[in-house]
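Chemist: Each chain, written out:
Number of protein chains: 2
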Amino acid sequence: MANLRVDRDRLWATLMDMARIGATAKGGSCRLALTDDDKAARDLFVRWCGEAGCRIAVDDLGNVFATRAGRNASLPPIATGSHLDTQPHGGKFDGVYGVLAGLEVVRTLNDHDVSTERPIEVVVWTNEEGVRFAPGVMGSGVFAGTIDRDHALSQRDARGCSVGAELARIGYAGPEACGARTFGAFLEAHIEQGPILEMSGHPIGIVTGAQGLAWYDVCVVGEDAHAGTTPMTARRDALSAAAEMTVALEELAHAHAPHAVATVGGLEVSPNSRNTIPGHVRLAVDVRHPDATVLGALGEAFERRCAEIAGRKRLAVNVERVEYVPPVAFDADCVDTVRGAARRLEHGYQDIMSGAGHDACQLARRVPTGMIFVPCAGGLSHNEAESAQPQDLAAGCDVLLHAIVERARGQHR
Amino acid sequence: MANLRVDRDRLWATLMDMARIGATAKGGSCRLALTDDDKAARDLFVRWCGEAGCRIAVDDLGNVFATRAGRNASLPPIATGSHLDTQPHGGKFDGVYGVLAGLEVVRTLNDHDVSTERPIEVVVWTNEEGVRFAPGVMGSGVFAGTIDRDHALSQRDARGCSVGAELARIGYAGPEACGARTFGAFLEAHIEQGPILEMSGHPIGIVTGAQGLAWYDVCVVGEDAHAGTTPMTARRDALSAAAEMTVALEELAHAHAPHAVATVGGLEVSPNSRNTIPGHVRLAVDVRHPDATVLGALGEAFERRCAEIAGRKRLAVNVERVEYVPPVAFDADCVDTVRGAARRLEHGYQDIMSGAGHDACQLARRVPTGMIFVPCAGGLSHNEAESAQPQDLAAGCDVLLHAIVERARGQHR
Numbered sequence: 373m374a375n376l377r378v379d380r381d382r383l384w385a386t387l388m389d390m391a392r393i394g395a396t397a398k399g400g401s402c403r404l405a406l407t408d409d410d411k412a413a414r415d416l417f418v419r420w421c422g423e424a425g426c427r428i429a430v431d432d433l434g435n436v437f438a439t440r441a442g443r444n445a446s447l448p449p450i451a452t453g454s455h456l457d458t459q460p461h462g463g464k465f466d467g468v469y470g471v472l473a474g475l476e477v478v479r480t481l482n483d484h485d486v487s488t489e490r491p492i493e494v495v496v497w498t499n500e501e502g503v504r505f506a507p508g509v510m511g512s513g514v515f516a517g518t519i520d521r522d523h524a525l526s527q528r529d530a531r532g533c534s535v536g537a538e539l540a541r542i543g544y545a546g547p548e549a550c551g552a553r554t555f556g557a558f559l560e561a562h563i564e565q566g567p568i569l570e571m572s573g574h575p576i577g578i579v580t581g582a583q584g585l586a587w588y589d590v591c592v593v594g595e596d597a598h599a600g601t602t603p604m605t606a607r608r609d610a611l612s613a614a615a616e617m618t619v620a621l622e623e624l625a626h627a628h629a630p631h632a633v634a635t636v637g638g639l640e641v642s643p644n645s646r647n648t649i650p651g652h653v654r655l656a657v658d659v660r661h662p663d664a665t666v667l668g669a670l671g672e673a674f675e676r677r678c679a680e681i682a683g684r685k686r687l688a689v690n691v692e693r694v695e696y697v698p699p700v701a702f703d704a705d706c707v708d709t710v711r712g713a714a715r716r717l718e719h720g721y722q723d724i725m726s727g728a729g730h731d732a733c734q735l736a737r738r739v740p741t742g743m744i745f746v747p748c749a750g751g752l753s754h755n756e757a758e759s760a761q762p763q764d765l766a767a768g769c770d771v772l773l774h775a776i777v778e779r780a781r782g783q784h785r
Numbered sequence: 373m374a375n376l377r378v379d380r381d382r383l384w385a386t387l388m389d390m391a392r393i394g395a396t397a398k399g400g401s402c403r404l405a406l407t408d409d410d411k412a413a414r415d416l417f418v419r420w421c422g423e424a425g426c427r428i429a430v431d432d433l434g435n436v437f438a439t440r441a442g443r444n445a446s447l448p449p450i451a452t453g454s455h456l457d458t459q460p461h462g463g464k465f466d467g468v469y470g471v472l473a474g475l476e477v478v479r480t481l482n483d484h485d486v487s488t489e490r491p492i493e494v495v496v497w498t499n500e501e502g503v504r505f506a507p508g509v510m511g512s513g514v515f516a517g518t519i520d521r522d523h524a525l526s527q528r529d530a531r532g533c534s535v536g537a538e539l540a541r542i543g544y545a546g547p548e549a550c551g552a553r554t555f556g557a558f559l560e561a562h563i564e565q566g567p568i569l570e571m572s573g574h575p576i577g578i579v580t581g582a583q584g585l586a587w588y589d590v591c592v593v594g595e596d597a598h599a600g601t602t603p604m605t606a607r608r609d610a611l612s613a614a615a616e617m618t619v620a621l622e623e624l625a626h627a628h629a630p631h632a633v634a635t636v637g638g639l640e641v642s643p644n645s646r647n648t649i650p651g652h653v654r655l656a657v658d659v660r661h662p663d664a665t666v667l668g669a670l671g672e673a674f675e676r677r678c679a680e681i682a683g684r685k686r687l688a689v690n691v692e693r694v695e696y697v698p699p700v701a702f703d704a705d706c707v708d709t710v711r712g713a714a715r716r717l718e719h720g721y722q723d724i725m726s727g728a729g730h731d732a733c734q735l736a737r738r739v740p741t742g743m744i745f746v747p748c749a750g751g752l753s754h755n756e757a758e759s760a761q762p763q764d765l766a767a768g769c770d771v772l773l774h775a776i777v778e779r780a781r782g783q784h785r
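Protein chains in written order, with the working numbering: chain S, 373 to 785; chain X, 373 to 785.
In case anyone wonders, no lab produced these hints; they're calculated from the structure. Keep in mind that the hints are not guaranteed to be accurate.
It does not matter which identical chain is used: a pair holds within one copy or between any two.
Stated by the list, open to error - Derived DMTMM-like pairs (lysine to aspartate or glutamate); straight-line CA-CA distance at most 20 Å:
hint, residue 1, residue 2
1, Lys685, Glu548
2, Lys398, Glu623
3, Lys398, Asp596
4, Lys411, Glu548
5, Lys398, Glu672
This structure is a prediction, so every number in the text was calculated from the model and none was measured.
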């Protein structure tokens, strides 16, 4: 068993085959959830899994479960997977890698005539990206109980098509109630979508959990005035205050290094005219930290700094938290299983927190969950230029294989 | 002569009558240059001046000259005036006050049977605001030789109508070559459009000159990246750098108090998405100072600060000066004349620099020029809520009257 390895070239070829569905001119993929291209990707996956001897089930959220039977059908399976939908200018790997790594695990077990005590399931979760239908992580969220099923099915895209109607249209409105089944564990492989592994040179990230996230809308109100005739001391310049708030936010993140990240991603100025002192500015702020207590303290400190800056500059400010996702700690046993597999395979590895949300972060609320990250070039993702190395993808898939075999108690037949 | 005073109520009523042309729902005026409303305003002015015994001339830029004869027709006249065109959401006073204060001076001289050695001319300059046709200060700029006549006449509005065609359409394409006449002096009364006089409680500002202006476009280029997965130390955040540049600009202005003003009026973020670190930011910067040397040094210091910030944050920055208007110093004799009139009339006054551009700033390049400012509420202008007090408007008009009488050598008949 220790010598078991996935087929690097087959994994790569499978990824490239899938990437042809919705391929973009710049080398990426565009497969928005529940479109014809999403259906084609699902159909291809189902065909491949059937050829690998798996039984297919689909639930009423369109989540697809491909089961490789175990020796004991009464035990909850070990599940793996991710999503096949992409961003509009998406890459070939985000999500897709997690699904096809699961398929490659099944194929490898078949090749080497390995049976497992527990069944193994490869899952395609519906609408992880949340681009066409909000919210994202929809299929895994309903499965984990964090998103209401009827709410999810009634969500509509910009043209007014609902999730439920589109599932039926593409033939993936399954008979099974979403969340009816359960797993012994869920393990997801994914590209990092950040630069940490590439910078450290480690092909494997042992994901210990996911950062919590808090989004703030900051509204600064001063007074429009003539840029030429208003002395500096008489100004109530909303943009000058917003600039100080942006600098303060960055200082707070650095003061909570290395885990805190904080970003002003959006900024809108009114009237946005060169020779008028801006009276209104809105900031869209994103703050993340793996510890809920620190995350809360960061937000409170930022609010205090905003109030101090606005008070000193005679402006009004309103800071509103508009979104909050608590941190997720993955199951210690699952994390240990992944770390042990990486060690035994002698791949360079390091612990890492996920900065982004994933289907696994939803699953972690219901079943023991772990994740494996592999590097992507420049940390780039949600971009047609998203890129990963075949050997890194194979290394991550080997770790997934060995973690699954351990959890499912595999043995040669 | 020392007891001569304008008619406060007549001046106010004349301003209110003019404001009915293009009146807006919120109490302002909208008379874009060379529209039917601009024609109606010009026609009303011409009628009033005719009733006051003036001779009317119009040049080929549509500038209108209403001449009250002097005892010696061979001497260049003392001219006053401003503009009747407004911003889209303009007020009742910006420009209009300067034109109608000139008319009130003529009416007052008529009432008291005062003759002057030199003729007196009240001028309406075409398209000061530059809203419908760029550039602004068009009529006075061509008159002063800073704007090319043919270039001005060929400028087109958003619908493709040219200045020349619109002048002909409204009947104000006059036979006289713009700039053919000259003046002994030009004196313009105007609302301050800033808060300085209101804060000091002085009804009269003795305008000694106009600030120079430099506009900069600053382009900061970093790299778009995921706000959740990119550590603080790995970021190339263009908005965070732009915020530091904004703070640095404000510090530079304060370091050159009280005369420097500097503003980031416009800021555009790309991709402007909350959970993406912004890779591109453009800043629209306005810097003003009455001393050309200091203005240049401020711009250079700002460029150095931008380069330092960008270098430290591993970003590219480009700072380009896209507009430069040198400072204007008004004629010392004209300034003294205005100051002496304010002192003799026992009005509170102070020296002041103009922060905005005016027709007088153009005229100053050709003829001895001065300006008189009166307060406006809250320093507000280019706004339908623009407001000024009848007694302040009358005080400014009295100063204009006495300055003109002195320069034109008035005496009772």
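Chemist: Now, for every hint given, state plainly whether the structure supports it.
Modeler: These are the hints, each one checked on the structure:
1. Lys685 <-> Glu548: The answer is neither: 59 Å in one copy and 53 Å across copies each exceed 20 Å.
2. Lys398 <-> Glu623: neither (37 Å within a copy, 44 Å between copies)
3. Lys398 <-> Asp596: between (43 Å within a copy, 17 Å between copies)
4. Lys411 <-> Glu548: within (18 Å within a copy, 76 Å between copies)
5. Lys398 <-> Glu672: Cα proximity of Lys398 and Glu672: none, with 43 Å in one copy and 41 Å across.
The structure shown violates the earlier hints numbered 1, 2, 5.
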